[in-house]
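2 protein chains.
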Amino acid sequence: MKRRTFLQSSAALAAVPLLRNTPPGAALALGASQAPLRVNGARLNGWLAKFDSVGRTPTGINRVGYSDADLAGRAFTLDLFREAGLNPRIDTAGNILGRLDGTDRSLKPILIGSHVDSVTDGGNFDGPVGSFGAIEVARSLREQNVRLRHPLEVVVWTNEEGGTVGSRSAIGHITPADLDKVARSGKTIREGIGLVGGNVAKLSEAERKKGDLACYMELHIEQGGLLEKAGLQIGVVEGIVGLRWFEVTITGFANHAGTTPMDQRQDAMLAAAKFAVAVNEAVRGVPGRTVATIGRMVVSPNTTNVIPGQVVLTVDLRDLDAAKITHFTDRFAQIGQEIGTATKTTFDIKQSVDTAPAISDPKVMAWIDGAAAALGFTRQRMPSGAGHDAQEMSRIAPMAMIFVPSVGGISHSPKEFTKPEDVVNGADVLLNAVIAADRAST
Amino acid sequence: MKRRTFLQSSAALAAVPLLRNTPPGAALALGASQAPLRVNGARLNGWLAKFDSVGRTPTGINRVGYSDADLAGRAFTLDLFREAGLNPRIDTAGNILGRLDGTDRSLKPILIGSHVDSVTDGGNFDGPVGSFGAIEVARSLREQNVRLRHPLEVVVWTNEEGGTVGSRSAIGHITPADLDKVARSGKTIREGIGLVGGNVAKLSEAERKKGDLACYMELHIEQGGLLEKAGLQIGVVEGIVGLRWFEVTITGFANHAGTTPMDQRQDAMLAAAKFAVAVNEAVRGVPGRTVATIGRMVVSPNTTNVIPGQVVLTVDLRDLDAAKITHFTDRFAQIGQEIGTATKTTFDIKQSVDTAPAISDPKVMAWIDGAAAALGFTRQRMPSGAGHDAQEMSRIAPMAMIFVPSVGGISHSPKEFTKPEDVVNGADVLLNAVIAADRAST
Chain A
1124 MKRRTFLQSS AALAAVPLLR NTPPGAALAL GASQAPLRVN GARLNGWLAK
1174 FDSVGRTPTG INRVGYSDAD LAGRAFTLDL FREAGLNPRI DTAGNILGRL
1224 DGTDRSLKPI LIGSHVDSVT DGGNFDGPVG SFGAIEVARS LREQNVRLRH
1274 PLEVVVWTNE EGGTVGSRSA IGHITPADLD KVARSGKTIR EGIGLVGGNV
1324 AKLSEAERKK GDLACYMELH IEQGGLLEKA GLQIGVVEGI VGLRWFEVTI
1374 TGFANHAGTT PMDQRQDAML AAAKFAVAVN EAVRGVPGRT VATIGRMVVS
1424 PNTTNVIPGQ VVLTVDLRDL DAAKITHFTD RFAQIGQEIG TATKTTFDIK
1474 QSVDTAPAIS DPKVMAWIDG AAAALGFTRQ RMPSGAGHDA QEMSRIAPMA
1524 MIFVPSVGGI SHSPKEFTKP EDVVNGADVL LNAVIAADRA ST
Chain B
1124 MKRRTFLQSS AALAAVPLLR NTPPGAALAL GASQAPLRVN GARLNGWLAK
1174 FDSVGRTPTG INRVGYSDAD LAGRAFTLDL FREAGLNPRI DTAGNILGRL
1224 DGTDRSLKPI LIGSHVDSVT DGGNFDGPVG SFGAIEVARS LREQNVRLRH
1274 PLEVVVWTNE EGGTVGSRSA IGHITPADLD KVARSGKTIR EGIGLVGGNV
1324 AKLSEAERKK GDLACYMELH IEQGGLLEKA GLQIGVVEGI VGLRWFEVTI
1374 TGFANHAGTT PMDQRQDAML AAAKFAVAVN EAVRGVPGRT VATIGRMVVS
1424 PNTTNVIPGQ VVLTVDLRDL DAAKITHFTD RFAQIGQEIG TATKTTFDIK
1474 QSVDTAPAIS DPKVMAWIDG AAAALGFTRQ RMPSGAGHDA QEMSRIAPMA
1524 MIFVPSVGGI SHSPKEFTKP EDVVNGADVL LNAVIAADRA ST
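Going line by line, the protein sequences match chains A and B.
Here the working numbering is used: the first residue of the first sequence is 1124, the next is one more, and so on.
Here the working numbering is used: the first residue of the second sequence is 1124, the next is one more, and so on.
To be clear, the hints were calculated from the coordinates, so they are not data collected in a lab.
These figures come from a predicted structure and were not determined experimentally.
Please note that the accuracy of each hint is not assured.
Heads up, the list lumps identical chains together, so a pair's fine if it works in one copy or across two of them.
What the hints assert, rightly or not - DMTMM-like cross-link-like pairs, simulated, lysine to aspartate or glutamate; straight-line CA separation at most 25 angstroms:
{"#": "1", "residue 1": "1447", "residue 2": "1386"}
{"#": "2", "residue 1": "1332", "residue 2": "1453"}
{"#": "3", "residue 1": "1467", "residue 2": "1351"}
{"#": "4", "residue 1": "1352", "residue 2": "1386"}
{"#": "5", "residue 1": "1538", "residue 2": "1386"}
{"#": "6", "residue 1": "1447", "residue 2": "1244"}
{"#": "7", "residue 1": "1467", "residue 2": "1404"}
{"#": "8", "residue 1": "1231", "residue 2": "1370"}
{"#": "9", "residue 1": "1473", "residue 2": "1175"}
{"#": "10", "residue 1": "1325", "residue 2": "1314"}
{"#": "11", "residue 1": "1467", "residue 2": "1202"}
{"#": "12", "residue 1": "1467", "residue 2": "1544"}
{"#": "13", "residue 1": "1332", "residue 2": "1202"}
{"#": "14", "residue 1": "1333", "residue 2": "1477"}
{"#": "15", "residue 1": "1473", "residue 2": "1453"}
{"#": "16", "residue 1": "1325", "residue 2": "1175"}
{"#": "17", "residue 1": "1310", "residue 2": "1328"}
I would like the entire structure built from these sequences, with the hints used as guidance.
Below, the structure written as structure tokens:
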């Protein structure tokens, strides 16, 4: 296929004109002020519609990592890579990678992509939108005879929903203990990586080092309701929040619900309830976007006529600001101590998960923002409350993400839905952000 | 065996002298002001100690109604009836009954007793203390050649812990649906009654009508910690609290713990916690002895990183005053509505169990109080927070109960314990209360 290359200008990268054939063969100079490119939106949504039947069950999409449906989803995806001329390969971690060479062999790759595995009983948009969007961006560049200076790599990470396994492997953050964990498919991660075409014995070959990439960008559905509520088309993700999980064991004394006067109780349920209310008030009392959730509670003995002797509950705490996570960790411990004293119970608080915030790169955000502006899309900067492969890539490369609205803010559910026009908007922003990155990055 | 009868005085029943042989053969006049009788305390505690091996398992006493251990416990008890000369019979409901005839054939029986079945993983005192105490009272009267004017009946009710089945049968409050319920033993109540020697086809033959009994008295361990805390020996039970159970279903909306801002949540867990705190504050804010317990909570989906969409919890509400139960029923509904509005959740409150308070008879309480006073025991009037067969008997006869302290207020537990001297104190009070009842009742 015939290709045009960028006309280089070392003086002003932002003004470097971009050549493309529209109509084919007719060179068109494209500057920062010129009309942005567009992906083939109908094709992209067609892929998503077709993909909806892969792993579809009566209770939702079930393409959990290493399952038969995941393998079917990967086969579908590999075909899209091939049709796009991306000549896919599978790295030793099981990630699918394709590449468009750039004109300048000295430049590092721009990496774009997402994942195609799902949660249990999930939807068809969390992952595929960004994966297929990235493939479509590469295909559009190729079809529109736009040749970047940088290599463009497209990645579909393996087993994102099982703990960003593919992207963590790519930054060398997988331990032997991680490999022995049993994934939702029932297979260990070690078995799963082999099953999808990786090789755990050579896992380090999948690794990227800090500085190996020009940048990483990921298109994803928001999974929350902020964009929809604000009536905006695009979210420019400032970072992925840090996450800390706590397991709180509250010990009181189980006793007869009829014969124990109210002032002689050591009621673990009452203590748990007071804790839940206080945690909520503490977080809401400080301005910002901290979220804290008590999602799980196990009561013992959990019988109508017995005062609970023990409650185990979890707290999920997230913020983009690591200092806030530290602040609330201390605050929760203090609340537990105060309520323990007041209710004659004891609080034992253990941390189980602890992920640092992943802050987006200002330049990458600016490229995304500029692309959205050029396309005329309304937008805002916002954190991602959910985890993504992008958080792993932020450890080794300048990173930012593009969000498109989720209808009703619903995700990880069969009701998950993003409108076709929003899918296309997101891919268009990714396409033009890639071009901006190509112009600006060295 | 030689017996003496009461010398009758129609003028002043309270002053009727009571004849007994101490030493055997030497008549001794006993008035209200005279020394009270005593049971054979060592024998009574010996029975309890021996009974501790019946149904004893590594996790506690397991003599649940209709189990093999219950049958063994009943066989043990029947022997005690026989040894006491009580010529036991089993009524059609499966209750064990023994009788000492009185001197006046026109008088109705005084009924005393309790039960010998246990909860799962219970102790050896809840039930046996009052059952063996009643047998010992009858045996002591016989041995001490004291003949009452009234017949004295001793009853050991069947399957108290499974819902006062024997005593409810005795007041005609068992429905065919009740008979079909599966008891903790795995057998239906219908099967169980047959197994213990009853006959469900003739259940009505076990019934007592209102007015059939002079009175009913039951000795029982307190099962709470009021007596121990107050340092008192005897509780004179003013009544058995009414009980109402509520099942509260709180519906919010399950959503992502990371992507849903705090002000956009419909968090069923937060609503449940606020409800639990508010119910506790409401009950503690009104003077009295109302108790309310949230013993059970089932959270959905109960996952660390998902905001709970539904919580089902139970409230156990008890008070001796039916008006207070009505008041708090209304108050809980109001609290649910307020919290539902504030948290964007809905509260659906259903009543599942509803038992009216059973108020003790002032005369019967006075006999118990007088007996305890004559014996020099410290005492107080108090409600029973737990249910008892006595609550059923209160519907057809003047009723009161005698409580003795539970160490640490613990019951329905292998740790349940009542000191031997407290067991004897209780039986001594029962003995002398029976004598007072015999003098005073017509």
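Tested hints:
1. Within a single copy, residue 1447 and residue 1386 get their C-alpha atoms only as close as 37 angstroms, which misses the 25 angstroms cut-off; across copies the closest is 18 angstroms, which meets it.
2. Taking the shortest Cα distances, residue 1332 and residue 1453 never come within 25 angstroms of each other, neither inside one copy (35 angstroms) nor across copies (65 angstroms).
3. In this assembly of identical chains, residue 1467 and residue 1351 lie within 25 angstroms of each other by CA distance solely across copies; the values are 19 angstroms between and 46 angstroms within a copy.
4. Taking the closest pair of Cα atoms, residue 1352 and residue 1386 come within 25 angstroms of each other only across two copies (12 angstroms); inside a single copy the shortest separation is 46 angstroms, beyond that limit.
5. Taking the closest pair of Cα atoms, residue 1538 and residue 1386 come within 25 angstroms of each other only across two copies (22 angstroms); inside a single copy the shortest separation is 47 angstroms, beyond that limit.
6. Taking the closest pair of Cα atoms, residue 1447 and residue 1244 never come within 25 angstroms of each other, the shortest separation being 33 angstroms inside a single copy and 47 angstroms across copies.
7. For a Cα distance limit of 25 angstroms, the shortest separation of residue 1467 from residue 1404 qualifies both inside one copy, at 22 angstroms, and across copies, at 16 angstroms.
8. Taking the shortest alpha-carbon separations for residue 1231 and residue 1370, neither the intra-copy value of 43 angstroms nor the inter-copy value of 62 angstroms comes in at or below 25 angstroms.
9. When the C-alpha separation of residue 1473 and residue 1175 is checked against a cutoff of 25 angstroms, the pair qualifies neither within a copy, at 40 angstroms, nor between copies, at 42 angstroms.
10. Taking the closest pair of Cα atoms, residue 1325 and residue 1314 come within 25 angstroms of each other only inside a single copy of the chain (14 angstroms); across copies the shortest separation is 67 angstroms, beyond that limit.
11. With identical chains, the CA atoms of residue 1467 and residue 1202 are never at most 25 angstroms apart, being 63 angstroms at best within one copy and 46 angstroms at best between copies.
12. In this homomeric assembly, residue 1467 and residue 1544 never come within 25 angstroms of each other (Cα to Cα): the closest approach is 57 angstroms inside a single copy and 31 angstroms across copies.
13. In this assembly of identical chains, the alpha carbons of residue 1332 and residue 1202 never lie at most 25 angstroms apart, being 29 angstroms within a copy and 85 angstroms across copies at closest.
14. Taking the shortest alpha-carbon separations for residue 1333 and residue 1477, only the intra-copy value of 22 angstroms comes in at or below 25 angstroms, while the best inter-copy value is 68 angstroms.
15. In this assembly of identical chains, residue 1473 and residue 1453 lie within 25 angstroms of each other by CA distance solely inside one copy; the values are 12 angstroms within and 40 angstroms between copies.
16. In this homomeric assembly, residue 1325 and residue 1175 never come within 25 angstroms of each other (Cα to Cα): the closest approach is 33 angstroms inside a single copy and 66 angstroms across copies.
17. With identical chains, the CA atoms of residue 1310 and residue 1328 are at most 25 angstroms apart within one copy only, with a shortest distance of 23 angstroms there and 65 angstroms across copies.
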